[in-house]
Amino acid sequence: MNVFAAVFTFATLLLGSLYPGETITVKGSDTMVILAQRWAELYMSMHPDVTIQVTGGGSGTGISALINGTTDICNASRPMKQSEREKLKQRFNTLGVEIKSAKDGLALYVNESNPIQELTLDQIKAIYTSKITNWKEVGGPDSRIILYGRENNSGTYVYFKDNVLDGEDYAAAMQSMPGTAAVVNAVAKDKFGIGFGGAAYGKGIRFLKVKKDAKSPGYEPTEENVKSGQYPVSRFLYLYTRSRPTGALKQYIDWILSDEGQQIVSKVGYFPIR
Amino acid sequence: MRIALTLCSLLVAGSLFAQVKDSSQVELQEKTSELKGQVEGMNEMLLDMKSTVDALKKIKITGYIQSQYQTAESDGIGTFSGGSFPSSVHSRFLLRRGRVKVNYDNDLTQYVLQIDVTQNGVGIKDAYATIKEPWLKSFSLTGGIFDRPFGFEISYSSSSRESPERTRLFQTLFPGERELGAKIEITPPETSPLSFLNVRAGLLNGVLNTANENDNFKDLIGRVGVQVPLAEQGLAIDGGLSFYSGQARSNSRFVYKTNGPAKNFTVDSTAANVGSYHDRSYLGADVQLYYDLPGLGGLSLRGEFISGKQPGTATSGVFYNPGSTITPLYQRNFTGWYINYVQNIGLEHQLVVKYDELDPNTDVEGNDIGAPGKNLAVADVRYTTFGIGWIYHWDANVKFTFYYDIVANEKVNPATNLASLIPFKEDIKDNVFTVRMQYKF
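Protein chains in written order, with our numbering: chain A, 24 to 297; chain B, 1211 to 1651.
Chain B extracted, bound-state conformation (with noise of 0.2 angstroms):
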């Protein structure tokens, strides 16, 4: 009897753990499948957030931010550095840059938008469409507002400079760095043999960044470029030769040349002139030499040169622009080079120095302008620059910048009584002290 009611007892106590064990079992399986459909439902989610996100990696959004204390020898004085101060001011705070930028790559097709807000106001700086080929991806065609294709320094972003501006020569020459147009850029890919090579070539307005053409004529401006990377050597050797191809249309009948032998402007003033078109052309070589200096790190040693003519004005050796105006064109033969040395020091730190010298009017020497009867002016003044500076990189977003301008200018003819000249007779007390701190994403 005991023992038929231990079996009853186990027979009921396996029953009820059967039961359990199915029950649990078949609870096992439903999580399991409810889990499964969870993770497809995830893995649905993910597939639909990956085409969203990948479509949105094609938006790049960039910006810098530089801000900058300037104090300068004395009050008022005008400068390539940052621009003229005020009068009877020699110290400022600015913002010299507030961009932001906008570019959608596909690939095979680029938009590109950036903006300037700075104190005084919001500008377009960049605003281009760019379309490839698909076959051998080395061809490419550019339209709307763009650095004009000439030289090393124009492209050189600001935010990646090491000095504080551009040259005297390069802001002389090309204001603003943009223009409105067209361009054509070969880049050859990284597998061709012609990989070291690049050229680009743009027909552009010739007027300036976002103003409204006011001739007929295109400029075309345009470099070819090498880089030939020895990287077993640590070192690479970039280089390029540029042109520029352009005319002036005078609006004014008075077209000053100078005569060589005489060291002077002779004024043509036929009415004729008016209309008439001016040679704008340049010639520039440039070298970039970067060196892996072991223990102390990367150098660089760039440099340019351009000789060429410019119409401008009496008082002015950036290009003649009349607009509206009707002012005298004045023709010179220039020249223009600078050498600018960099040396990184561990992750943080950068030497910099730099000298850059303009000679606007090759034709005539200090002592012609204000000479009687020659028609110099102030335009004709040759500039030298001696910067030096020390770059700390707080991280990879910050960096300050502290740069100090030496300015040199040619003396002018002792006896000129001319107002403008007059100051010119010494070295003008027109160096500037330069603190920046930048933020760029």
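For reference, chain A alone in the conformation it holds in the complex (with noise of 0.2 angstroms):
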């Protein structure tokens, strides 16, 4: 009899966590988390019989919640690390399966006000590690810049520093704000302000054209300059999970890349991959 009840035990446990219903866990970037709301909203009116939970946090955040099997997905703003496939392969021996779900051209935001119009990759490379500290050795007035930026959690730091600042690390004097619309928020509200982040979040603030070099034309971060490659901040937003997805979690994720899923991405200011 006991030995009966044990391997009834094991078998709920066991049958239990194979089949957890159809609740999809969602966690990760800043950046993503209105898109990934977007979304969710959509694809449960759609689908009442699924419940999709979807946090922020950072793209740091969620791929720790992916290794710790605390996320069903991980939205991320940034490719994952090696160090965190490692983490992945420790615990559940898999790579995790990389989906690209949109793309975005990382903005550099400044204040209205603000008569600068164009930056180069190498103005705002010395400008977020504090080689230049004055507008007036880009062009514009004789002030401060001040800078704002995100906190180490955040994709979209990680992929400014690995991308724009060539590794380098950030001025010390940056203030790292929570969120992207932080960002917007604090620039807006500061006329000598620069800040970067998702080209979705661009309300109150004035988009910096960015040029590669010094001889290159300035692009905005326009669906047509991202999607053709001509802006040089762009990037792909990624959705992550641990396992090839199946069931309810595929459903989610194919519907996610299907014309209609794509159809939110441009509605909420970012670039359909296709």
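Honestly, the hints are just simulated from the structure, not real lab data.
Each residue gets a CB set at the ideal place from its N, CA and C atoms; glycine is no exception.
Please note: incorrect hints may appear among the correct ones.
Claimed, not checked - Calculated pairs, DSS-like style, for lysine-lysine (alpha carbon to alpha carbon, straight line, at most 30 angstroms):
| id | chain 1 | residue 1 | chain 2 | residue 2 |
| --- | --- | --- | --- | --- |
| 1 | B | K1268 | A | K148 |
| 2 | B | K1347 | A | K123 |
| 3 | B | K1473 | A | K104 |
| 4 | A | K110 | B | K1267 |
| 5 | A | K184 | B | K1270 |
| 6 | B | K1347 | B | K1473 |
| 7 | A | K148 | B | K1342 |
| 8 | B | K1268 | B | K1347 |
| 9 | A | K184 | B | K1268 |
| 10 | A | K148 | B | K1347 |
| 11 | A | K110 | B | K1347 |
| 12 | B | K1260 | A | K226 |
| 13 | A | K234 | B | K1347 |
| 14 | A | K110 | B | K1311 |
| 15 | A | K104 | B | K1347 |
| 16 | B | K1621 | B | K1473 |
| 17 | A | K234 | A | K250 |
| 18 | B | K1428 | B | K1519 |
| 19 | A | K104 | B | K1311 |
| 20 | A | K184 | A | K110 |
| 21 | A | K232 | A | K154 |
| 22 | A | K184 | A | K226 |
| 23 | A | K154 | B | K1260 |
| 24 | A | K110 | B | K1342 |
| 25 | B | K1473 | B | K1639 |
| 26 | B | K1650 | A | K104 |
| 27 | A | K212 | A | K226 |
| 28 | B | K1260 | A | K212 |
| 29 | B | K1639 | A | K110 |
| 30 | B | K1267 | A | K148 |
Unchecked claim - For each label pair, taking beta carbons as the anchor points, the in silico distance ranges come out as:
| id | chain 1 | residue 1 | chain 2 | residue 2 | range |
| --- | --- | --- | --- | --- | --- |
| 31 | B | S1365 | A | E135 | 53 to 59 angstroms |
| 32 | B | A1339 | A | E64 | 32 to 38 angstroms |
| 33 | B | D1258 | A | Q286 | 51 to 57 angstroms |
| 34 | A | N91 | B | G1505 | 19 to 25 angstroms |
| 35 | B | I1269 | A | D236 | 37 to 43 angstroms |
| 36 | B | L1440 | A | Q286 | 29 to 35 angstroms |
| 37 | B | V1332 | A | D236 | 57 to 63 angstroms |
Got two chains here, each in a separate frame; can you build the complex from them with the hints?
Okay, here's the thing in structure tokens:
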């Protein structure tokens, strides 16, 4: 009888964990949180039997949750690092599955009153590494540049550091904000401020044109420029799962990649992958 | 008159209203100004706190506790499943690990201190500092006590490892896993075309963990590894080649070496042997394959093979470490290998199957051990271990392991009368069942 009870309990535990019901948890990038909420809202309205819980916290936080088994989908505005894949390998024996869900131009914001229209990648790097500290050094007013950026658990932070600063450290004076919306708000209120973030968060500020180098033309992070690759600071927005998705999870991801899901991408202000 | 009075009243009321309006505007401005001051003050406090938090973020404290119950097939067995059982005892509770690790990582420099607290006391496990060059960020130098840079199983933490213990092979060749010395590591950044490659090489005392050096030779250990991720196929293949080049100094004039054709040990007892050096050299290869099995979960298949020369003693295949004792040295050729299969089932379950073999003396057979005049002993007996287990991950911190080790020894010469070898005429009943609870943070 005891053996039977033990086997029954064990089987219940096993089956219960294998078929956890149709609740999908999504966690990660703050850049993607509005996009993920819109996807979830529309999908749940079409599939009332599916519950999708979306939270932000940053790409790093989402990837940690994926490794800890506390989220089904991780939203990330940067690719997963090798060290993070190693942790997934150790716990789940997988590398994780990377799904490109949208494209984003990483915009440089300045206050609407700022006369500067464009910067080169080198100038942006020099500004964010404290080599340029005054707007007059790039043709603007004689005033200190106030730097706004993201916290280090943010995929935007990592992407900007790796691709614009070439891995160099951010200036110590940079004020780290908890989300892209906070960066936008700060720059909108600070006429000598500069910030960076997703192009979808552009309200109340002005996008700078970005030039690959001094001789190149400057481009704004528009759909056309991002899709054509002319805008120099563009990136994919990713979904990560631990294993190859199946069941309700697969159906949801397939829908995100469908025309219907990609229309949401455009509506939120990012760019479809196709 | 009535009109004049009405006008006067309106003027007075208007004036009073204007005064009230002025005073409420002033009050509002004062409140706004006060709030602005408070917000600015909070902002300053936040910036101050942020610099403190940023500094604290560089410190990571991690740890784990492994508490376990074990039961063996018979009393007082010698085992590699958590150490030998006391005589007349075949079941026990153990605090196998009680680790706390402090890691301060300043991007280009790192400080690590790890201690282990168990029922046997407190011990130092890791204590090292690492510096990384700032230009390519690919080369680093480490000094202190750290894992020997050989193979795969050494550096695979027991908090992540699926089987309760490392194989008999690794426990024999690298007891305690760690060593005092210095090492360099080459790990090209992810953006480099060489990011699939990693190299580790170190000069170490070649003694044991925190023990003091006992000769002037340093042992050279290294591994060249590759990682081939095939993400599209849900597959990853990692692997490496390792080497160990060391020497052990004999404190005794008696040095035993195997005589291949005769399958026995012959002794060289010349006085010049005292202070002579003998090879401790290994070559190893390891492979790890990971595959994402749709609908079930990830699986891994890991294997490792090591062959080489090991200076030991008559009774132990563990490397010769004489200290102040005058113990005869036995030089053996050995091989060992293992294969380990892990299958994830859903989020919380893992099936584990592991098989390992250690032949500590490849020049002899079981029938030679115990035969007259061969000078062979317990340390020459070949072992295999088949382990099967189940892991249940309670949550992100806690896991339970249920694991059974089936240990088989080579049978020695049935005619032997040596007391130490008589039990080895048959397979010793030394299987072990382990139930472990681990908490990791």
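Hint-by-hint comparison with the structure:
no.	hint	result
1	B:K1268 / A:K148	holds (24 angstroms)
2	B:K1347 / A:K123	holds (29 angstroms)
3	B:K1473 / A:K104	violated (53 angstroms)
4	A:K110 / B:K1267	holds (20 angstroms)
5	A:K184 / B:K1270	holds (23 angstroms)
6	B:K1347 / B:K1473	violated (52 angstroms)
7	A:K148 / B:K1342	holds (23 angstroms)
8	B:K1268 / B:K1347	holds (18 angstroms)
9	A:K184 / B:K1268	holds (18 angstroms)
10	A:K148 / B:K1347	holds (19 angstroms)
11	A:K110 / B:K1347	holds (21 angstroms)
12	B:K1260 / A:K226	holds (27 angstroms)
13	A:K234 / B:K1347	holds (28 angstroms)
14	A:K110 / B:K1311	holds (18 angstroms)
15	A:K104 / B:K1347	holds (16 angstroms)
16	B:K1621 / B:K1473	holds (16 angstroms)
17	A:K234 / A:K250	holds (16 angstroms)
18	B:K1428 / B:K1519	holds (17 angstroms)
19	A:K104 / B:K1311	holds (23 angstroms)
20	A:K184 / A:K110	holds (23 angstroms)
21	A:K232 / A:K154	holds (20 angstroms)
22	A:K184 / A:K226	holds (24 angstroms)
23	A:K154 / B:K1260	holds (23 angstroms)
24	A:K110 / B:K1342	holds (22 angstroms)
25	B:K1473 / B:K1639	holds (28 angstroms)
26	B:K1650 / A:K104	holds (23 angstroms)
27	A:K212 / A:K226	holds (12 angstroms)
28	B:K1260 / A:K212	holds (21 angstroms)
29	B:K1639 / A:K110	violated (38 angstroms)
30	B:K1267 / A:K148	holds (25 angstroms)
31	B:S1365 / A:E135: 53 to 59 angstroms	holds (54 angstroms)
32	B:A1339 / A:E64: 32 to 38 angstroms	violated (51 angstroms)
33	B:D1258 / A:Q286: 51 to 57 angstroms	violated (46 angstroms)
34	A:N91 / B:G1505: 19 to 25 angstroms	holds (22 angstroms)
35	B:I1269 / A:D236: 37 to 43 angstroms	holds (41 angstroms)
36	B:L1440 / A:Q286: 29 to 35 angstroms	holds (33 angstroms)
37	B:V1332 / A:D236: 57 to 63 angstroms	holds (59 angstroms)
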